[in-house]
Every structure is written in C-alpha cells, then in structure tokens.
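4 protein chains.
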Amino acid sequence: MIGVGLVGYGYWGPNLLRNFQEAGAHVLAVCDKNTDHIGKLTLRHPTIHTTTDYSDLLKNPKIDAIAIATPVSTHYDLAMQALKAGKHVLVEKPLAYTSEHASQLIEEAGKRGLVLMVDHTFIYSGAVKKIEQTIADHSLGRLYYYDSIRVNLGLFQHDVNVLWDLAVHDLAIMDYVLKARPDAVSVTGSAHVSGQIANIAYMTCFFPDNLIAHFHVNWLSPVKIRHTLIGGDRKMILYDDLEPDEKVKIYDRGVNLSGSQGEEQVYQSLVNYRSGDMWAPKIDRTEPLLTEMKHFIDCVKNKKQPLTDGLAGWRVVKVLESANQSLVSGGRPVELTFDDAGMDNRNKETTECLKK
Amino acid sequence: MIGVGLVGYGYWGPNLLRNFQEAGAHVLAVCDKNTDHIGKLTLRHPTIHTTTDYSDLLKNPKIDAIAIATPVSTHYDLAMQALKAGKHVLVEKPLAYTSEHASQLIEEAGKRGLVLMVDHTFIYSGAVKKIEQTIADHSLGRLYYYDSIRVNLGLFQHDVNVLWDLAVHDLAIMDYVLKARPDAVSVTGSAHVSGQIANIAYMTCFFPDNLIAHFHVNWLSPVKIRHTLIGGDRKMILYDDLEPDEKVKIYDRGVNLSGSQGEEQVYQSLVNYRSGDMWAPKIDRTEPLLTEMKHFIDCVKNKKQPLTDGLAGWRVVKVLESANQSLVSGGRPVELTFDDAGMDNRNKETTECLKK
Amino acid sequence: MIGVGLVGYGYWGPNLLRNFQEAGAHVLAVCDKNTDHIGKLTLRHPTIHTTTDYSDLLKNPKIDAIAIATPVSTHYDLAMQALKAGKHVLVEKPLAYTSEHASQLIEEAGKRGLVLMVDHTFIYSGAVKKIEQTIADHSLGRLYYYDSIRVNLGLFQHDVNVLWDLAVHDLAIMDYVLKARPDAVSVTGSAHVSGQIANIAYMTCFFPDNLIAHFHVNWLSPVKIRHTLIGGDRKMILYDDLEPDEKVKIYDRGVNLSGSQGEEQVYQSLVNYRSGDMWAPKIDRTEPLLTEMKHFIDCVKNKKQPLTDGLAGWRVVKVLESANQSLVSGGRPVELTFDDAGMDNRNKETTECLKK
Amino acid sequence: MIGVGLVGYGYWGPNLLRNFQEAGAHVLAVCDKNTDHIGKLTLRHPTIHTTTDYSDLLKNPKIDAIAIATPVSTHYDLAMQALKAGKHVLVEKPLAYTSEHASQLIEEAGKRGLVLMVDHTFIYSGAVKKIEQTIADHSLGRLYYYDSIRVNLGLFQHDVNVLWDLAVHDLAIMDYVLKARPDAVSVTGSAHVSGQIANIAYMTCFFPDNLIAHFHVNWLSPVKIRHTLIGGDRKMILYDDLEPDEKVKIYDRGVNLSGSQGEEQVYQSLVNYRSGDMWAPKIDRTEPLLTEMKHFIDCVKNKKQPLTDGLAGWRVVKVLESANQSLVSGGRPVELTFDDAGMDNRNKETTECLKK
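Each protein sequence line maps, in turn, to chains A, B, C and D.
Okay, so the first sequence: first residue is 340 according to our numbering, each after it adds one.
Okay, so the second sequence: first residue is 340 according to our numbering, each after it adds one.
Okay, so the third sequence: first residue is 340 according to our numbering, each after it adds one.
Okay, so the fourth sequence: first residue is 340 according to our numbering, each after it adds one.
So that you can see chain A by itself, here it is in the shape it has in the complex:
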C-alpha cells in the first residue's frame, strides 16, 4: 500500500481522497491553509493527519507520493518541491502556468526517476476511451473537424481565465484522441466581470490537412452543455457527457465525392450525403477518477510512465499559452511549434530511470 499526501482539500481534493482510498492507497496526511476545509476533513476522516505546513508532507518518509489540488499558480512550486524531496507527483490540471515550468518539472522528474502525472481526468473515462479506439481504428475515415462546447454558470477561477479552467479538459481529450498537434490557434473572447479575465472564449486550432478544431467555453451560460462533435468522411461522433446512458453516438453519416470530375462540377451532383445507422456502444461506467488513481498507484509501484504524463500536460499548456496571446489580439492567429524531440528526450529519462 503506497502512502499518499494530499495538498488542497477544497473543491477537488475530497474527490481525490475518496478515490485514493477506494483504489487502495493510504492517505496519510492532508495539507490545507483553510481551516474550514480542515474542519470538514476531520469530521469525515478523524484518523487522517492534518497540517497547514507543506513541509510536513515533504518530510514524512511514509509518504511516497503527493497529490496537488491547489490553484494553478501554485502548481509549479509545490510540484518541484515534492520532486526534489523524492516524492512521486500527481498534479491537478493544468500542469503549470507556463510551458517552461512544465518542462522543468518533466526534467526534474526525469532526472530522479519519479512519476510525474497530470490529472487529465477525462482520459480515464469509458467514453473518451471508446472515442480514442474508434478514431485509432480509422472508423471515422479522414478527420474533418473536432468541435467542443463546455459551458455552464460559474465557477469563476481566481487566477486563470475560462480557457485554462474549462478548455483544458477538451484540449487534453483532443490531444489523446487525435494524436496530432495544432500548427496555429486563433482565439476570441470577452471579459465581462472584471474586464481582465476572459469568462467566455472561442478557440480554433488549425491542424495539417484542413483538420480544424474549435472550443467554446463560457462561465456565464444559463444552461450546462458538454457537447463534442467529431467529423470524418466515413463516420461522425457525438459525445455528450451529460447523457446518463448514451454518452457516445457514432453516426454512419458523411459525404461522398466523386474525385474524377472537374472542379467546376464539384458542387453540382457530386456531393452526396450518406445517412445510415447510428450506434451507441456500451460504455464502461467506472468512475474515471477511480481508474486514474489505480493507474497512478500502478505507475508508482511498478515504475511505469503514466498515460497522462508530464509531456501530455506540457502539450496542453503550450496550446493554452498561445491561446492567451491570440485572445488579446482579437483573434490574430498565433503559430505553434512543439519541440517534441527535446521534450521527448527529457521525458524518456523518467522512463529509463523508472526502469532501473
């Protein structure tokens, strides 16, 4: 049984704690500066040690891994300290405030052979797993677009805009299911409440071969929507995370083009719509966070590289950084380059160290 220390028992921390317990980890201590949070914890779990001093966790030799569920701006410091104290680390999304910070964390974990995992929760859901498989086996054909809506009323974050709070989920999912990286982003949005932190945003990611992705996020929507469309020339997916049963629907719909004719004819008789069956595959209903906690424990115990490793976290932060640049310019496209080779090397150090 691995020993876990948790920092942050606000909105998300209690979920981490409950699922660590269900997954068979031993949560030994929780650090939070908010006495209300500590009070709730004590009522529910009288036997867990509490502290307001993070170094208590770092110094505790029974703690193998530290889970970080605090505001984004603190992720880098807390994670770096944990790695330097020799602890494996799980960080709530997004991994860090800057891609530079993310790459430093990857490097540190790599040198020390420690697990660095980012809590991209949706990757561990049955629905996203099914979508990833469907795309991987080429069922959709050539990919046309990825379109996502994630809107609801609140909560405003203190230190990041709505992209870093909501679109981060969709970027993580897209990164996982498309296995592709955008060339450029164009983002528009508006800040209604403070005039400074955007609460509504629209982001387009451009990919090679005309593949386009779009993310619509909003903290001020009267209704909650979680809706993703993925279109290919053979099949198309509708993923609605709020559907209790049929979260993933696969449509045998698309468009047929005869290729040989001249271009001027293209829009006349050649575009044939194909409308066939719809199929909603059975989805594994295990709570994603439980699957994720089990995976983290398995990586720590068996020295494995996690599915949502530091590199996955770094890629998402890279896109978010460029998104912020485009946002302030009213949609001007910002090009993106991923130094994958360099990053991969640093990341591989972990894998190699872990194997030792």
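Simulated from the structure, these hints should not be mistaken for lab results.
Computed from a predicted model, the values in this text were never measured in an experiment.
A few of these clues could be false.
Since the list gives no way to pick one copy over another, a pair counts as held whenever it fits inside one copy or between any two copies.
For lysine-lysine, the following DSS-like pairs were computed, each having C-alpha atoms within a straight-line distance of at most 27 Å [as the list claims (entries may be wrong)]:
1) K640 - K379
2) K468 - K563
3) K621 - K588
4) K468 - K372
5) K518 - K468
6) K588 - K642
Based on the hints, put chains B, C and D in the right spot on chain A.
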C-alpha cells in the same frame, strides 16, 4: 389583389408561392429554366403561367411585384431589372453578393419609390419577435454575449460558402434583436470537400462595451442543431428553434458583482451566481413566411417601408463580406465601418417616394 | 390513372387529397357539407369538382374509388353505399363504430370483389415497418410487454372517446407488429369535461404467455408524447415518433435467468441484467400517407388485398368495443374472442373475387 | 448530538449513514449480517462499531434512535423490537408488509411517545415540496389526473413486487401532494421472470369527483424514466426527476368550457384549449435525504410528529395491499376504506406523549 411573378421554383420557391396564395396575392406567372421544376409546378397549379424567359415577367403589366428565389449570384441582376421595369421586389437572403450591389439596389428602389424587401424569414417568426421585445424592454440588463449554433448535414451551395448560406440567418436575427453593429469580425473555418468553399466556419463579431457574438455553422454535422444563447447580467435567453413548443426560454440567472471593492478581491467572494426561475413565454405559431408575405403585400399596397428592407439586407452583406476576408487569413480580425448616414439617406428616398 | 372521389375535407381530407395527387391518382370530386371547407378547397384547387351531395360521387362513372374522411359514426353508411355503387373504398380509422358493421363491410366488399382498406396510416411508416421486421426476425427474443403512451392537448372528438381517437393508432400498430390477439382487456379512465366521453384512459391487453400490452391516452396533457416501449428477453425497442431522426432505438438489454436452480433462489443471484450497445437503424422517411396512397392505388389497379384490409380494421374495432365495456365497470377485465375463421372466409372472398 | 444505530448497510444504508453524519447525528453502531457490507463499512469508517447482533443496538443506552434499512419483510419485527426497547425509529419504505403491522407500530410508538418515521425520501425534495405548495394554493384549479411513470432496468427485489419497490415512492408523493385518499384501485401487471412476482404493473386509483391517478412501474425497461403529469382545469404540472435543472414545469394550459349550453353542444365549439406560458420555478437542490435526516433529528430532539409519520406509511401500505388483490384478478377494481378516525387517534397518542 396584387399580382406577383416568381422567379425560381427550386427549393424555396414553392414555399413562397404557397404562402403568397394563402396571404391573398395572385401569383400570375413563374419563371424557371429547369423543366423539372416547371413540370412539378404545372402538376400542382395547372392555372399558373410558366416561362423560361424572365422578360415575360418584366413585361407583364398585371405583375406588380417580383419575388426572386434563385442562387445568390443572380440576385443583383434579376432585382435590378425588376426595379427598372417598375416592379416591387422581394429577394431571397442574402440580398446580394456584395454590399456595393446591395447599395445600388437600395438606391434604385429609392429613386423609383418601389418596395425592396429581403426575405429574412426568421424576423417574422413568433420566437424572434418575442426575443426582440424581451431585449427591447431591457429585461436582460446589460448584454454580454450572443451565441448561435446552426449546423446540419448539407446542403452544399454552389456559389456561396456556409456563412452565406447559414450564418446569414443568424446575422439577420442578431441585427434585428440587438439593434447594434459590430466593430470587427474574426472568422476561422475549413473547406473539406472542394478545398475552396468553406463548409464549416466560426465567426466572432466584436461590439462596443465588450458585447461579443459568435456564430458556428457547419454543413457536415451528423445532427441538426439550432441553438442560440443570449446572455445579460439580469437574465439570459435560450432559443432552440427545433423545440416544438418551448422555443424561447428566459432564465433568471446571472452574476452579481459588488462594485465597491478593490479589483484584487473581485474573484473571491464577490462573484455571486443568481439562479432563479425559468419562464417559457407563449409564442405565436403562425408560419413566419405567411406573416412575411402579408407584410410584403401590405407594404406594396400601402406604400410602407418593410421591416426587412434593403438596408437590413445591406448590413448583413457588409458583415459577410468582412467575414470572408478574415476567413482567408486564419482569423485575423477585420474592422467594419457602416456608412449608415449615406445608406440611410438612400433608403429614406424610398420611404419618401412611397409616401407620395 | 384511377379516379378518386373524396368525402370530407376537414382536418384529414386535405392530406389524403395532396397525397393522392402525389401518388398519381386523379381526384375528380370532393363532397363536404361545410361551405368553409369547400371554399378552402376551391382556392387551392380550382379545377376539382365540389358537391354537398354524396350521390354525385356514387353516380360518377369516372370515379373508381371513394376515400372517406368523415366522423366515425358515418363511416358505415358512407362505405356501404360506396361498395353497393361498385366503388373501391378507403375508410379513415377506425373502420366502423361496431365490429358488426365492420364485418358487414368486409362481407359486402368480399361479395363484390372490391378493395376495402382502412387508413391505419402508421403501418405505412418506415419506423413501424422497421419494428415489424425486427420482431419478425426474433431479434427481441421472447416478448414481455408492449407499452405505449399517446397524449397531447386536444382535439376532443364529438362522437368517440379518447380510446377510439388515439389508442386506435396504437392498436393498429400492435396488431401489425405482434401478429397476436389479446385474450382480455382491462380499461380505466375518466371523463372530466362532459362527464360522458372519457378524455383519459388506460387500457391493458392480456395475451397468452404473460405478454402484456398497455395503452395510455389523454386529450388533456400539457405536453405531447408519442412513446412506445417493446420489451423482450433478448432486446428491447424504444419508438419515439416525435424524434426527428432516431425514431427507433434497439437496446441490447435484458435479463438473464439460469433455469436450473430452485425457485427460492430465483431472486438472488440469478437475475442478471445485460446492458449492451444501442442501435438506431436508418429509417425510410417517406411520408407514410404517400406510401399508403400508392399501395391503395396498386391494390385497386392490380386487384390485391391491402395490408390494412377490412379484417385489420375489424380486429381493432373488436378490441375497442370490449375496451368500452371494461371502462364503464372501472377496470373489470373483459374477455375477447375473435371469430377469425368466419371473418377470414369473408375476407378471402374479396381476394378471390379480386383475382377474377 | 443524538446517538443513532443503523441496521442494514447494503444499498441504502450507506446513504443514511452519510447523511446522518452531515446532519450532525452520531452514528455509533451498525448491524449487518453480511460480512462484505461490514468490510466496506470498516474501510470507510474505522471508528464505527459493527455487529451482527441486533440486540447490541437495542441494549446500547447511547443509542437514542434506530434506522432500519433492511428488506421489507423484516421491517415490522425490527421496528417493534426497537420501539419496545424505547428507541425512536426510522424505517425505510414501505413501512411494513401489511397495514395491520403498520397500525401496530403506530400504536406502540403512540403508547410510548416515541418518534416513528417512514423514509418517504421524495417528500423532502425541493421538487415535491414545490408541487405540494402549487396544489395547496389552488393554482391548478380543479384536479383532473395524476399520472406517473417510474421504470428502469432492475433491481429485482427478493420479497416484494415492483409496486412495493417503485410505486411506493409515487404513492407517498401523491398522498402528500393531493391530500386525498382513493376509493378504489384497479391493477394489471405481469410476472415474466419467476412467474410469481410481478415485474411490470399498471395501477389506477379512483378518487371522488372523477379525479384519477395512474402508476406505471417496470423493472425491465431499457431506459430509465421518472415522469409525472398532474392535470387541472387551470394549470398542469410536468415533474421529471431526471432533469438536472428544470424538474418541475408548470404549464398555463387547460380547457375552457362554457357551462350554460346544452349537453349536445358540448363537443362542438365549447371546448377551447388554452395554451399559455410555461414556468419552471427555482427548486431547492439540497439532497432530500439530508433534509429528512435533519427533520428526524429535530423530531427526536424536540418531540415533534414527523411529516412522514407512521400514518403516512400506513396509508401507502393500505393502497399497496389492495393493489395486490386487484393485480391477481386481472384488474378487477378493489374498494378501499381508510379507518382514519381510529388511526388518527392512535397516531395522536404519539403527539401527545411526545409533548409531555
């Protein structure tokens, strides 16, 4: 009873004809070059004169008004000929291919005192009328955003991209309900089928005071969606045109800000979400096109300026023109200026001429 | 081209007329005593002969078939007169007010070799056809239940209760897809408006082998619902006629029982729920009434027995008759016997006569 | 802080425990014969005493109240023992297997001045509270019908049929919101799995003044539905418990009748449908079980009669008893009489004793 000539009996023409008849106009003749179309017409309406020669309509002294339901690229020529022949004109949306063409049509109609109306059908629906009233009486408070989704499978247009085919509806609705004009647009999109005509597009319109509008249109969606959110600080609207009964829902939801505190505190305790009742007002269910045809007949008979006059058509075409510019540049914002004074003058000529 | 006379141009008659025309029949004359109805007809179809005297239709030698779209209480007289005048007959549902009347119509048509068809429209829809096929190929396994809801606001009928107005649709569908006949019915309901004609009713049909069917109909529901569940031990169907696209969903869900164990254990570990994929097959979207009109024309021209022949109409009326008996007794079950042999013989006369 | 003992830690017990803790009670001990259940409890709550011997709870002087979450057939014995040991009692629904048992429990609690409460959880939900208020203030006008659907896949109960498992919820809600008692019930249903315990049932309750109620319950539905319609002559309610936000919708729809005309005219021009606005009031989202636990604690501490007292439990069991009789006879109506005076007296003893 006014006499009407119709040009174009393809997809939309039969709807115009049926509603002109229900509204009490006399449809005397239909012009279409497609013999299949003419064949269908003859089967259903054996007494209506048919022709493939547009000048038959122009020369017919019993025809007071001409309705144009042909591809966009032909609107200007057909409408200009009709005006010069002294006929009142109803043109399917969008009014013309360029704002310059639109302004010439307005000028010509103005000089001759003829009615020039654009078929922005949704403006005549009970749902849009209710939304317009709700905004006009300040129920929503300060406006934050206008967000629209209009996607489905097909039909590809031959001569215009998806913005000109689908977003035109939403731009017309927005123009009518917001009574405001955008400063700039940023558009992204992709052309999957021919490589030339965008079949998916995302358009942002920037307005003064941080009001933002966004339009998502797609010809390759596996599901049909017609979904508009309008957010204000007091209330918010969800308009779903596919709902059979409750097309317009008004939510007493929003966000409260205490204004006096310093900015650094804004995101702490000050953002209070307000979640109250929802109200779906009764909506007039008259077929919008019937209301529109009655309005057109009334304008012709009683020398009135129509609700969706040439100027409304020109404003929508202005936005679409700039949208195309931004689209090819990957989202670069394009500024918009409306020479309203000049346009208004030309438009007023009609009103004055009509009054004579 | 067969010649058709239509009696009744109120709510349903215009639909019959339009589809007869689309299907290629020649509608020569319409009879209606209501001058408003005649006025509307003349406006739309100036070339069709109108009359208030039914005998004009009976005497017209160009009329091969008569379509009856009048109140239920008049069906028998009008249909019998038409048959005696040698006309083929299509009768709106339900076929007649009593099963005795229905059997007399069957006999008369049989003797004369005339087509007698009842307008069970849903049988000609793509959705019901797909359900019928799915049950016929035993995909559902052993059938457990058929459960239907058909409720909305209005219209009150003048001469029949809500069962004869709404449940008649579902009884016709059930008769077609189950190919089985109930042993008994139990019906409850209430008459709120006049105290005499039930406007809400619940009907249970008992079949052999524990198969049970239930029909919920209501003229005073604030929302419109068209919802049918059909359960088997292998698969289950949800049919929602208001869904624009996915009207029929087939669920790979059910219950597994191990048969060998003793009864006392049945409810312990033996009941295993099976939850698999859902599949929404592509449905033919042709307007059902058009398919039906084409079938009627085909039967008249080629001397065929229609799918919804007099016998189908008679079976539905038999169930409705018994339903009324049970209704007035507060749900007391009423047994049902079908003299199929006798009825089949009479019906076969038609087939034989038609073949001559 | 009151001390609570819980018997039964299977499906529902953990929810009771969690909410007792949140509500501020001290759960001292849990009794369950199933070692798996005890194992789970110990993992989550290492400090709570566990036992397989119910008398441990009865003898513990720190335990003021006992909560019973065991199969229905055990409710009477366990509750009676608890009352005789001087403990206040909360019993999961339904209160008992027979109305005679229910009345004995009421009498025992009455004599001893102990709180006897039945866990009719839905009564404590914001949605049901809002419906109760809406009916109580006569907003619906004269009541026409109460129609409920509660279907899903599983779970089969070992000792009761689907009425006692599912319809019990709706009977409790109906009892609370209508404040009326049925004169008779008619029930149909079928037992597909064992041939003995009905897994699908349809129950009609007849009330004075043509008010009718209907309950549709099914353990073998491929989809989950929780849908209640309540119709009056002024307004109508749709209550959908699966809606995340708008659980209760109030429709300004109904039917207007002019009363003065003769009966033969009733169905002609007099039935006017009224279709107005819809309104979804804000609903308190507190977890119903938390509200209920607080209410139970309040009743115990302050000697109050609970909202869902023994009498409420007895009324529901009375209807279920008669329902079973009608079910086996294929729908034959069974009359119901409530000895309210007698029962009220016994129940009042509690109130009086509690006040001492």
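Hint check:
Taking the closest pair of Cα atoms, K640 and K379 come within 27 Å of each other only across two copies (24 Å); inside a single copy the shortest separation is 31 Å, beyond that limit. Taking CA atoms no more than 27 Å apart as the test, K468 paired with K563 passes in both settings, with 23 Å inside one copy and 24 Å between copies. For the identical chains of this complex, K621 and K588 are neighbours both inside a copy (10 Å) and across copies (14 Å), given an alpha-carbon limit of 27 Å. Taking the shortest alpha-carbon separations for K468 and K372, neither the intra-copy value of 37 Å nor the inter-copy value of 39 Å comes in at or below 27 Å.
In this assembly of identical chains, the alpha carbons of K518 and K468 lie at most 27 Å apart only when taken from the same copy (13 Å versus 43 Å across copies). Taking CA atoms no more than 27 Å apart as the test, K588 paired with K642 passes in neither setting, with 36 Å inside one copy and 45 Å between copies.
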